[in-house]
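Participant: Sequences and hints are given; from them, build the entire structure.
If you read the protein sequences in the order shown, they are chains A and B.
In our numbering, each residue carries its 1-based index in the first sequence increased by 12.
In our numbering, each residue carries its 1-based index in the second sequence increased by 71.
If you are wondering where the hints come from, they were derived from the structure by calculation, not from laboratory data.
It is possible that some hints are incorrect.
Derived DSS-like pairs: lysine-lysine, alpha-carbon spacing no greater than 27 Å straight-line [said to hold, decoys possible]:
hint: 1; chain 1: A; residue 1: Lys247; chain 2: B; residue 2: Lys134
hint: 2; chain 1: A; residue 1: Lys301; chain 2: A; residue 2: Lys247
hint: 3; chain 1: A; residue 1: Lys247; chain 2: B; residue 2: Lys84
Facing chain A, a subset of chain B residues (Cβ under 8 Å, in silico) [as the list claims (entries may be wrong)]:
hint: 4; residue: Lys248
hint: 5; residue: Asp324
hint: 6; residue: Arg326
hint: 7; residue: Arg345
Virtual Cβ for every residue (Gly too), placed ideally from N, Cα, C.
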Amino acid sequence: MARKITFQQAINEAIDQEMGRDESVIVMGEDVVGGSGADGEMDAWGGVLGVTKGLWGKYGDRIMDTPISEAGYVGAAVGAATAGLRPVCELMFIDFMGVCFDQIYNQAAKFRYMFGGKAETPIVIRTMFGAGFRAAAQHSQCLYPMFTAVPGLKVVIPSTPYDVKGLLIQAIRDNDPVIFCEHKVLYTVEGDVPEESYTIPFGEANIAKEGDDVTIVAVGRMVQQSLEAAATLSKEGVSCEVVDLRTTSPLDEDTILESVENTGRLVVVDEATPRCSIATDISALVAQKAFGELKAPIEMVTAPHTPVPFSGTLEDSYVPSPEKIASAVKKVSEYTK
Amino acid sequence: MSNDKIIAVTMPKWGLSMTEGKVMEWLVEEGTDLNVGDPVVDIETEKIANTFEALDSGILRKKVASLDDILPIGALLAVLAPSEVSDSEIDDFVSEFLENYVPPAPEEEEEEESAYQYIDADGYRLRYSKMGTGVEKIVLIHGFGGDADRWLFTQQPLSEKSTVYAFDLPGHGQSSKSVTDGTVSGLAQTVMAFMDSLNIAEARLIGHSLGGAIALQSAISCPTRVTRLDLIAPAGLGEEINVDYINGFIETDNRKEMKGLLQQLVADPELVNRALVNDMLQFKRTDGVSNALSQIAAGFIDDEGRQSRIMREEAALLTIPINLIWGSLDKIIPADHARGLPTQIKSTVLDGYGHLVQLEAATEVNAVLAV
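Facilitator: Here is the structure:
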């Protein structure tokens, strides 16, 4: 039965249902139990924003609080995955990837390849990303392009409560390392989510809105911003198709190219900084494979090439807004050679 | 100022979940004299596209909605009025309507959503909706891979005279996904248990496809509880079935393949929109669904890909009224199965439609069901 729950509750439910279904699923991370020694229902906080709240009371020691040493526990989780467990490991903020990157990009991502397919590393690393929390430059970045650049990692960036549950269940059942990127501003967003367990396959983009004039490709929170822009533009007679990539690795090239073949115009919206980003990646793809279909130059709407500012006013203007997206759409739709 | 000669044509509400519709194509010009039932405009909902037919007769004086407009239910689409009404009176009517029109509030929609209920029967949790209060009880039984939404255009019209129940079969929609007995007789038993739970002593059963076989089996097993059968493109009346469709539907997890499969269900492939494909993929990706569908398919199709539960002779012995409705272009179960049955079994083959005839030719099917 579908009912409305938040993005955050959908994450909790996905982990809960998979832990109930499969004993090899464990959770590791800093403060994921919280209030150690309490019953896990009322007192345990369950992670810095309470995403794993209640799970310790249900699954006990399968939820493990770790020391503040990402290099240590992420490495331990990677090892546990190769030895038969399915760790769902929480890297509190994506900004902390630097201290455990060897364990991710040079170990977890390589094992299947280095051992000729005989080793599998079914680990999920859940991590919060994105600006909008007044959390300053070291807790607000969009570093998913760095993970996307590494072969051997799957990178998931959900945008709705429905998607986050299905994609997380898929991630936990997947036999490869998955970097699961959760935009913290989306945690309170509500949406219809079925109670039953379900999956969404990787590499299948979702057309969040159909349209004929301009294709907008986006991920994560930028999908919502793009939909807002599309709603405004539709009143002005511009019909936008909004493609939500859902996963940047694997990438659903077909859906992007087919949409651009129909519209002939592309705007890519990416909250990451502009160089070597999803925006540049998608732009290159379309320029290479659908050049003949384009009626206007591709537009990219991204953050500027700076750290995320702490000042609220500056942070707000740092994030691509519906207004900026709308003006990029107008630019491509009004373009004449 | 209101003019009672002017009639507003508004966005219809098809099914429980419809909140808005998109104007796809006007089928008539301004100035056309419309009769009730004339096709007026093609409208696409989140489920499927359909032709909106005139509910009143009169001259179509003004099209208010433009192509590609997405409008909430009840919004003004067009205006009908006799020729003596002046253009300015019509313009006044339109502006007055637009001024006073309030789209349905989200709270009301939520209330509509709760029109779905759940009941425990035969070991399952079954989702159903009930419409109408009439004396005659009708139970609608969808087909393989479907759900209660297959009756989008059927349930409401029937509910004007009858109490109409539509439910999701086990393994389908939002009912329990683990199936204990997926055979036709097992599912017929579930129908009877569903009726027991709702204190329905006897009912008219309307079944589509596999649901038709289940309805027929129910009447054979419990003749005193079924007052009439309307079988739409039913299984159970011949060996042939498009087993590639059935197997493809069970196996695919791919958008393009799913779209291709669903297009086999209708004569006009344009009717299969992205939302319908999404709905089916979401359903298919729910835990337990693949197993349930395999089990149910094995219950009515043999290893050679032929239907294994054929009830032609038993159907001929039934004394209740039986109506068969088929689309002539059905690519799943051939309309030929309607032939060669005793004359007391009435049969209507609708020219130019496919397997999902109750969605594709809703008006025609509803007209047959209303008799």
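Participant: For each hint, tell me whether it holds in the structure or not.
Facilitator: Here's how the hints hold up against the structure:
no. : hint                : in the structure
1   : Lys247/A / Lys134/B : holds (19 Å)
2   : Lys301/A / Lys247/A : violated (32 Å)
3   : Lys247/A / Lys84/B  : holds (23 Å)
4   : Lys248              : holds (7 Å)
5   : Asp324              : holds (6 Å)
6   : Arg326              : holds (7 Å)
7   : Arg345              : holds (6 Å)
Of the numbered hints listed earlier, the single one contradicted by the structure is hint 2.
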